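Line order of the protein sequences matches chains G and P. Residue numbers are given in the numbering used here: position 299 of the first sequence equals residue 299, and the series is strictly consecutive. Residue numbers are given in the numbering used here: position 148 of the second sequence equals residue 148, and the series is strictly consecutive.
Heads up, some of the hints might be wrong.
[Stated by the list, open to error] Okay, derived cross-link-like pairs now, DSBU-like style, lysine-lysine, Cα gap no bigger than 30 Å in a straight line:
1. G:K60 to G:K28
2. G:K216 to P:K62
3. G:K62 to P:K53
4. P:K387 to G:K387
5. G:K216 to G:K245
6. P:K28 to P:K16
7. G:K216 to P:K28
8. P:K216 to G:K53
9. P:K28 to P:K62
10. G:K387 to P:K53
11. P:K245 to G:K222
12. G:K387 to P:K60
13. P:K387 to G:K16
14. P:K245 to G:K16
15. G:K222 to G:K245
16. G:K245 to P:K16
17. G:K60 to P:K387
18. G:K450 to P:K16
19. P:K60 to P:K28
20. P:K387 to P:K316
21. P:K62 to G:K387
22. G:K60 to G:K16
23. G:K387 to P:K222
24. G:K62 to G:K28
25. G:K316 to G:K387
26. P:K28 to G:K387
27. P:K216 to G:K222
28. P:K387 to G:K62
29. G:K245 to P:K216
30. P:K222 to G:K216
31. G:K16 to P:K62
32. P:K245 to P:K222
33. P:K62 to G:K245
34. G:K222 to P:K222
35. G:K16 to P:K450
36. P:K245 to G:K316
37. P:K28 to G:K62
38. G:K53 to G:K28
39. P:K28 to G:K28
What the hints contain is simulated information worked out from the structure, not anything from laboratory work. Model, not experiment: these values are computed from the prediction.
2 protein chains.
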Amino acid sequence: MAELNANNTPAEDLLKQHLEEVIELLNKQRLEETILQHQSMPRHDLVETLLHKQHQVALKQKLDQLHSADIAYILEALPLRQRLVIWNMVQSELDGQILLDVSDAVRQTLISDMDPDELLTATEQLETNEIADLAPDLPEDVLQELLESLNDQSRAQLESVLSHEDDTVASLMDFNMVAIRDDITLGVVLRYLRRRGNLPEHTDKLFVVDHQNALKGVLSLKRLLVNNPDERVSELMSNEVVHFKLSDEAADAARAFERYDLLTAPVVDEHNRLQGRICVDAILDYIREESDDEILNQAGLLEEEDLFSGIWQSLKNRWFWLGMNLITAFVSTRVIGLFENTIEQIVALASLMPIVAGIGGNTGTQTSTLIIRSLALGLISPSNVRKLVTKELGIAVLNGLVWGSLIGVVAYGLYRDAHLGMVMAMAMMLNLLVAAAMGVAIPLVRHHLKLDPAVGTSVLLTAITDSMGFFIFLGLATVFLI
Amino acid sequence: MAELNANNTPAEDLLKQHLEEVIELLNKQRLEETILQHQSMPRHDLVETLLHKQHQVALKQKLDQLHSADIAYILEALPLRQRLVIWNMVQSELDGQILLDVSDAVRQTLISDMDPDELLTATEQLETNEIADLAPDLPEDVLQELLESLNDQSRAQLESVLSHEDDTVASLMDFNMVAIRDDITLGVVLRYLRRRGNLPEHTDKLFVVDHQNALKGVLSLKRLLVNNPDERVSELMSNEVVHFKLSDEAADAARAFERYDLLTAPVVDEHNRLQGRICVDAILDYIREESDDEILNQAGLLEEEDLFSGIWQSLKNRWFWLGMNLITAFVSTRVIGLFENTIEQIVALASLMPIVAGIGGNTGTQTSTLIIRSLALGLISPSNVRKLVTKELGIAVLNGLVWGSLIGVVAYGLYRDAHLGMVMAMAMMLNLLVAAAMGVAIPLVRHHLKLDPAVGTSVLLTAITDSMGFFIFLGLATVFLI
């Protein structure tokens with residue numbers, strides 16, 4: 001892997017500079033293409049074509065200098081047409097790595113531009129765990145051919161990864177590791193490593209196994225380097241080691257990496273046999289992906305959209321939650337419909353009711369966000385739920401008193417109607433209680449039912465706080481004001 | 001740092017088990033305290049006290065076995081009273097590390113339970129960069145005394161970190177690194193490391209500097225291990241290295257770590273002199289914190305709340321955005337107020353208007369979330385903004401046609417009024433256009449003004465889509481239906 005030549009420019013600025021240069025070259029090229037098409041005088045043709053070639057060469061040179069991750073970034077930032085121009089110019093030995101580095105949405109546009117042979121060449125160079133990452137996006141026939149091209153060990157590894165669920169440790173695992181026995185000296189280990197001639201990326205420890213490949217401990221490179229070559233591995237290895245099983249949850253592994261500041265950790269099967277390792281860079285990608293997903297889901301998007309995805313694709317991505325919201329909006333509309341007689345008599349209710357519903361939604365979301373977070377951190381146990389509920393309801397009562405009175409006074413100020421003010425204040429208080437109760441209950445119940453508490457909670461919550469807000473406010477108004 | 005003894009239990013389950021055991025012991029203890037208080041018969045006293053002591057010893061033993069990060073987790077999950085019981089039982093040499101591991105909210109509860117001497121003892125053992133992390137939470141006098149206890153080099157380092165902004169590379173930096181010259185052989189380096197006797201945590205490369213401490217390159221441990229000891233550092237070091245300046249943005253450094261799969265990277269000052277390093281575990285914590293902040297901000301919370309924060313503290317945390325929402329809700333209320341005459345005549349408008357406003361808010365949030373994300377990734381440049389705006393407005397028009405017509409038909413179905421249906425459809429279409437335009441414009445303008453596009457966008461957006469939704473719908477109704 002080539003390293004970036006950063007000179008004195010910070011990595012991020014340099015990257016933007018690369019992007020601008022590429023865009024400039026692309027634009028020049030395009031301009032010339034346009035001129036060439038409109039040019040009728042033959043004697044200019046040669047010059048123009050030469051200039052065109054020259055820019056193409058410059059662009060190719062520029063790309064050849066770049067790290068695969070930087071090319072991935074440039075491809076993300078370009079609209080489809082230009083993206084494919086660049087993609088076809090990239091050195092084919094980087095193709096596989098770039099496919100791994102781009103986002104899912106962009107990957108699909110790149111793959112659909114490649115013929116099966118190109119795809120096969122690009123993916124054959126990848127490591128088993130990388131092929132597993134790409135597998136869902138590959139056409140069936142390419143995947144088949146790829147499987148056949150692998151040796152027995154790699155095929156077994158690939159099948160093992162693919163047989164586990166998406167969010168398990170198996171999906172984060174790679175197979176680049178050095179395993180040693182514990183009955184040799186450090187000197188032997190050092191000679192073995194020199195003979196080997198290289199070490200897998202990010203190796204910070206060697207895994208110590210017995211003759212059945214069962215994990216016995218780890219030897220950190222640190223200890224290998226600072227200790228006397230005569231000492232034995234068994235004396236220096238650590239046998240208290242954070243390790244994971246194939247079927248452990250990826251989120252748990254990520255928390256363990258954060259908590260214990262790990263760089264790599266061994267992965268074992270049910271019989272404690274060494275299967276692979278997890279590396280912190282896979283954890284970093286996982287955490288970023290999870291938090292992106294959470295933010296997208298909260299905004300009502302199913303998945304990440306490529307910045308220049310086709311409109312139709314974007315619509316598909318956005319319609320599910322829009323539709324859900326529309327349905328819940330209609331439900332709360334029907335609640336208002338029940339009270340149309342009341343509104344006809346006191347039209348001020350129509351202006352005030354969105355406030356009751358809106359603030360309910362806001363406080364409910366605050367509560368549910370904190371609960372979802374605590375659930376993710378594993379901080380909520382049966383023994384502290386009651387304390388938690390008491391706290392949230394206490395906050396709702398106080399909020400209700402403060403904001404309810406304030407809004408009651410403002411409503412009175414606007415319409416000079418003391419009863420209206422009191423109804424407004426009471427409705428606010430009650431709806432805040434509903435919101436707090438639901439903000440605690442919905443994530444807890446979803447968690448209890450083994451559903452992801454983060455998905456859909458917000459839509460369900462708003463539906464309830466809206467409907468209840470309208471119902472409570474208009475109901476109280478009907479009883480006390482009519 | 002002791003490593004976790006995982007035996008055959010996955011780290012996360014083991015942790016929950018630890019928590020349950022601690023809670024059980026705490027409850028037993030408490031029960032006995034209660035019995036002791038209500039016990040009047042003196043002859044039982046001795047037995048009870050003994051039993052009480054016994055549980056205390058068991059609890060202490062349990063805690064002594066745990067990793068500091070695990071104790072931090074247990075402290076997070078306990079209500080204040082029990083948290084402080086445990087905190088006072090923890091071995092004091094772990095105090096500093098635990099203070100670093102807990103969340104800001106819990107840290108404050110722990111610090112306010114310690115007297116200045118305890119705090120000083122706990123923090124004196126920490127490294128300079130760790131002291132810098134705690135500094136904002138320490139009482140002024142403790143911080144002063146701590147500064148005086150440091151040697152000149154550490155004090156200079158601490159002052160350098162504290163003089164930089166929170167979100168710069170300086171805040172992620174530590175000073176644990178090994179720097180070497182380039183004119184020596186690997187054999188000399190290996191002997192030097194053995195004489196040194198240890199290596200900083202997470203060292204994957206040594207930094208190569210000249211006699212003025214200017215960064216010349218890096219030598220990875222990998223190359224050190226697999227090459228012949230006779231070779232020179234200058235021949236094997238890599239001089240194309242991703243490095244950062246003290247004042248670079250932390251977010252950019254995080255992206256570079258993800259992009260180039262780094263474990264550590266050198267940090268230099270303006271004159272290219274080596275100042276420290278960034279380690280991937282600091283990046284991991286940074287990314288987690290940033291994404292947590294983003295999720296909390298979107299829900300209208302200023303910062304992370306401890307699960308058992310006092311009610312008053314929780315209220316302070318939540319009131320700012322609630323207040324903002326209330327103000328914007330009142331603005332849209334006043335828009336409705338303008339049309340009370342219209343609503344009085346066609347009361348159906350009151351039930352239908354929340355739909356127009358709500359769906360506008362939803363589509364606007366979808367658009368702005370994607371824009372905010374692309375801005376964070378640095379994917380938006382002047383050259384592609386127009387394409388982006390066209391795409392989002394195109395989606396809005398299509399969404400408007402589809403959902404607008406659908407809702408128009410439903411409104412007609414409900415009230416048997418074709419004109420009302422058409423007004424509803426038109427209002428939906430127009431408000432979706434407003435929402436898309438604002439969803440693109442607000443983050444871009446905030447970014448242009450160097451404001452964080454993620455903060456406040458959602459409140460501003462909803463305020464506009466609500467007000468405009470009501471205005472467009474009721475305005476059209478006034479023109480066409482009255």
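Here's how the hints hold up against the structure:
1. G:K60 to G:K28: Judged against 30 Å, a Cα distance of about 14 Å means the pair holds.
2. G:K216 to P:K62: Since the Cα atoms of K216 (chain G) and K62 (chain P) sit roughly 25 Å apart, the hinted pair holds (cutoff 30 Å).
3. G:K62 to P:K53: Given that 30 Å is the threshold and the Cα spacing comes to 73 Å, the pair is violated.
4. P:K387 to G:K387: Answer violated: K387 (chain P) to K387 (chain G) is near 52 Å, above 30 Å.
5. G:K216 to G:K245: holds (15 Å)
6. P:K28 to P:K16: holds (18 Å)
7. G:K216 to P:K28: Violated, at roughly 38 Å.
8. P:K216 to G:K53: violated (38 Å)
9. P:K28 to P:K62: holds (15 Å)
10. G:K387 to P:K53: holds (28 Å)
11. P:K245 to G:K222: With a Cα-Cα distance of about 27 Å, the restraint between K245 (chain P) and K222 (chain G) holds, given a limit of 30 Å.
12. G:K387 to P:K60: holds (25 Å)
13. P:K387 to G:K16: holds (19 Å)
14. P:K245 to G:K16: holds (17 Å)
15. G:K222 to G:K245: holds (25 Å)
16. G:K245 to P:K16: holds (17 Å)
17. G:K60 to P:K387: Judged against 30 Å, a Cα distance of about 25 Å means the pair holds.
18. G:K450 to P:K16: Roughly 17 Å between the alpha carbons, so the hint for K450 (chain G) and K16 (chain P) holds.
19. P:K60 to P:K28: holds (14 Å)
20. P:K387 to P:K316: Violated. K387 (chain P) to K316 (chain P) sits at ~43 Å, over the 30 Å cutoff.
21. P:K62 to G:K387: holds (25 Å)
22. G:K60 to G:K16: With a Cα-Cα distance of about 18 Å, the restraint between K60 (chain G) and K16 (chain G) holds, given a limit of 30 Å.
23. G:K387 to P:K222: Roughly 52 Å between the alpha carbons, so the hint for K387 (chain G) and K222 (chain P) is violated.
24. G:K62 to G:K28: holds (15 Å)
25. G:K316 to G:K387: violated (43 Å)
26. P:K28 to G:K387: holds (19 Å)
27. P:K216 to G:K222: holds (23 Å)
28. P:K387 to G:K62: holds (25 Å)
29. G:K245 to P:K216: Violated, because 42 Å separates the two Cα atoms, which is more than 30 Å.
30. P:K222 to G:K216: Given that 30 Å is the threshold and the Cα spacing comes to 23 Å, the pair holds.
31. G:K16 to P:K62: Between K16 (chain G) and K62 (chain P) the Cα gap is close to 53 Å, so the pair fails against 30 Å, i.e. violated.
32. P:K245 to P:K222: holds (25 Å)
33. P:K62 to G:K245: holds (25 Å)
34. G:K222 to P:K222: Holds, at about 11 Å.
35. G:K16 to P:K450: Answer holds: K16 (chain G) to K450 (chain P) is near 17 Å, not above 30 Å.
36. P:K245 to G:K316: violated (43 Å)
37. P:K28 to G:K62: violated (70 Å)
38. G:K53 to G:K28: holds (11 Å)
39. P:K28 to G:K28: Distance ~78 Å between K28 (chain P) and K28 (chain G) Cα, so the pair is violated.
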